[in-house]
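Asks: Going line by line, the protein sequences match chains X and G. With the UniProt record's numbering, letter number 93 in the first sequence gets 93, and the count goes up by one each step, no holes. With the UniProt record's numbering, letter number 159 in the second sequence gets 159, and the count goes up by one each step, no holes.
Treat each hint with caution, since some may be false.
[What the hints assert, rightly or not] Partial list, derived from the structure: chain G residues whose beta carbon lies under 8 angstroms from chain X:
#1 Ile-43
#2 Ala-52
#3 Arg-87
#4 Thr-89
#5 Arg-93
[Stated by the list, open to error] Beyond 12 angstroms from chain G on every Cβ pair, some chain X residues (computed):
#6 Met-1
#7 Met-111
#8 Asp-151
#9 Thr-171
#10 Thr-172
#11 Glu-175
#12 Val-252
[Stated by the list, open to error] List of simulated lysine to any residue pairs, SDA-like, C-alpha gap at most 20 angstroms:
#13 G:Lys-148 <-> X:Arg-60
#14 G:Lys-148 <-> G:Pro-189
#15 G:Lys-15 <-> X:Gly-259
#16 X:Lys-77 <-> X:Met-111
#17 G:Lys-148 <-> X:Gln-63
Since the hints were made in silico from the structure, they are not lab data. Virtual Cβ for every residue (Gly too), placed ideally from N, Cα, C.
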Amino acid sequence: MRIFDPHIHMTSRTTDDYQAMHAAGVRALVEPAFWLGQPRTAPESFLDYFDSLLGWEPFRAAQYGIAHHCTLALNPKEANDPRCTPVLEELPRYLVKDGVVAVGEIGYDSMTPAEDTALAAQLDLAAGHSLPALVHTPHRDKLAGLRRTLDVVAESRLPVDRVLVDHLNETTVKEARESGCWLGFSVYPDTKMDEHRMVAVLREYGPERVLVNSAADWGNSDPLTTRKVGEAMLAAGFSEDDVDRVLWRNPVAFFGLSGRLALDPAMPEALHEGNSILRGGE
Amino acid sequence: MLTTHEELRTCLSTKANAWLDSALADADDAARQGPNGPSGRDIPRWELRFAAAGRECGDPQAAQAVRVLLLHTARPNPADVARLYARGTGDERRAVVAALPYLPLTPAEGVPLIEDALRSNDVRLIAAAVGPYAAVLDAHAWRHAVLKCLFTGVPPAAVAGLADRALGDAELGRMLRDFAAERTAAGRPVPDGLTHVLALTAKGA
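So that you can see chain X by itself, here it is in the shape it has in the complex (with noise of 0.2 angstroms):
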């Protein structure tokens, strides 16, 4: 089984994640930026972070035979912080750079002006980059987060079919869906999803442009629950390939509209069907 963990926050797991990553079947994840649990009090402390995620993260995943790519940008919590907003006027610098495959994560904590802002001029980052972008779905009041979310997708110059709206659940995957964007679940202990009731919505709604990632962070979460989530799905009677494309496939095609996922040609199967997408179509 391989495993494309889309959304994960390494910054906050021990080296012996990355080893029961590899041993798990993970070979490529993504790294969003995000809050820390300690608020920032200036931009450089987001732009060091960022130093982090672009080279001491994929240094210590590379030695695990793990691809890191990472998505940058203000996350929504601390975009209603007057000394972080700031950062936003030095993104374009980051954008720009090899290993970032999207904005994000952006959207909604509490639906504040200030959210609804920076989440516009992200989404205009993210067209203006070319580069897809990674939405966070708010933990409180979540179905009128996610409506809200959508109306901002659909207003920004950034195509629908461009923005992947992340920790979906039951009360919100069937609007997302209808809406055209990419879909992801966060399988997450007490939280969010458990790897049962993301079968049952697999089982509904089809395996098309799904995503399942751990969301692992410095919370009581586990960095190994995308391979609970195959394991769920082939007792269900889903077959090995619906998994691979849910936990590989479907990674890869929505992070790879970046042109800038580069997986090592040596990994199985990397090239899907000859297609070298993963290198920037070339």
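Let chain X serve as the given structure and place chain G on it in line with the hints.
Replies: For chain G alone, coordinates are given in the frame of chain X:
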């Protein structure tokens, strides 16, 4: 050694070569404009090329050689070199370090970048830092660079000019013997290559 445009031509695709031609033209423009180039938040075109070299060239090794050639051609001022290093990806930082011998920096401007690279734990960056530019390091810093290579698993062959500089260096020899003793006491293997460097330090002493 600087890989020339002609040498790069032979290992890039037609599309990548066309990209490289225009990237080098942008770098030429930047060198001609010097301090009169774009200021403020405008990103100079050659810097966009520098950032995109990986995805445009495909081959990671060629991309690194392209980045070094772009730096050599654009001849950024010392402050811009420091910024390109400090806010660079892992690949970009290695390219800046590899380009230092070809850039108009004084040792006071270049050494802090090498020292930063040597403080890292990224073995690829450490290996780049002990290239030809490391000749400007003082004796203490250079010895610690050699020791760090052995400690982190960077082959001593990565150290430029090793045979000449280690020759008869009794202090480096002492450091290596102490390190080997510590490893042996812990029941851990002594790194490959340590004996070779140790033999160099004993020569001509």
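Asks: None of the hints should be skipped; say for each whether it holds.
Replies: Structure-based check of each hint:
The interface hint given for G:Ile-43 holds, since its Cβ lies 6 angstroms from the closest Cβ of chain X, which is under the 8 angstroms cut-off. Residue-level restraint check for G:Ala-52 holds (minimum Cβ-Cβ distance to chain X is 6 angstroms; threshold 8 angstroms). The restraint placing G:Arg-87 at the interface with chain X holds, with a minimum CB-CB distance near 6 angstroms, inside the 8 angstroms limit. A hinted interface residue such as G:Thr-89 counts as satisfied when its beta carbon comes closer than 8 angstroms to some beta carbon of chain X; here the least separation is about 4 angstroms, so the hint holds.
Checking G:Arg-93 against chain X: minimum C-beta separation of about 7 angstroms stays under 8 angstroms; hint holds. Every CB of chain G lies more than 12 angstroms from the CB of X:Met-1, the least distance being 27 angstroms, so the non-interface label holds. Residue-level check passed: X:Met-111 sits 30 angstroms from the nearest beta carbon of chain G, beyond 12 angstroms. Chain G leaves X:Asp-151 outside its interface by the beta-carbon criterion, the shortest separation being 30 angstroms against a cut-off of 12 angstroms.
No beta-carbon of chain G is positioned within 12 angstroms of the beta-carbon of X:Thr-171; the least distance is around 38 angstroms. Listed as outside the interface, X:Thr-172 is consistent with that label: its C-beta sits roughly 34 angstroms from the nearest C-beta of chain G, beyond the 12 angstroms cut-off. Every CB of chain G is more than 12 angstroms from the CB of X:Glu-175 (nearest about 35 angstroms), matching its label as outside the interface. Annotated as non-interface, X:Val-252 keeps its C-beta farther than 12 angstroms from every C-beta of chain G; the closest such distance is 15 angstroms.
Between G:Lys-148 and X:Arg-60, the direct Cα distance comes to roughly 18 angstroms. Compliance with the 20 angstroms bound is thereby established for this hinted pair. The suggested pairing of G:Lys-148 with G:Pro-189 holds, with an alpha-carbon distance near 16 angstroms, which does not exceed 20 angstroms. At most 20 angstroms may separate the alpha-carbon atoms for a hinted pair to count; G:Lys-15 and X:Gly-259 meet this at roughly 15 angstroms. Our distance criterion of 20 angstroms between C-alpha atoms is met by X:Lys-77 and X:Met-111, whose separation comes to about 10 angstroms.
At most 20 angstroms may separate the alpha-carbon atoms for a hinted pair to count; G:Lys-148 and X:Gln-63 meet this at roughly 18 angstroms.
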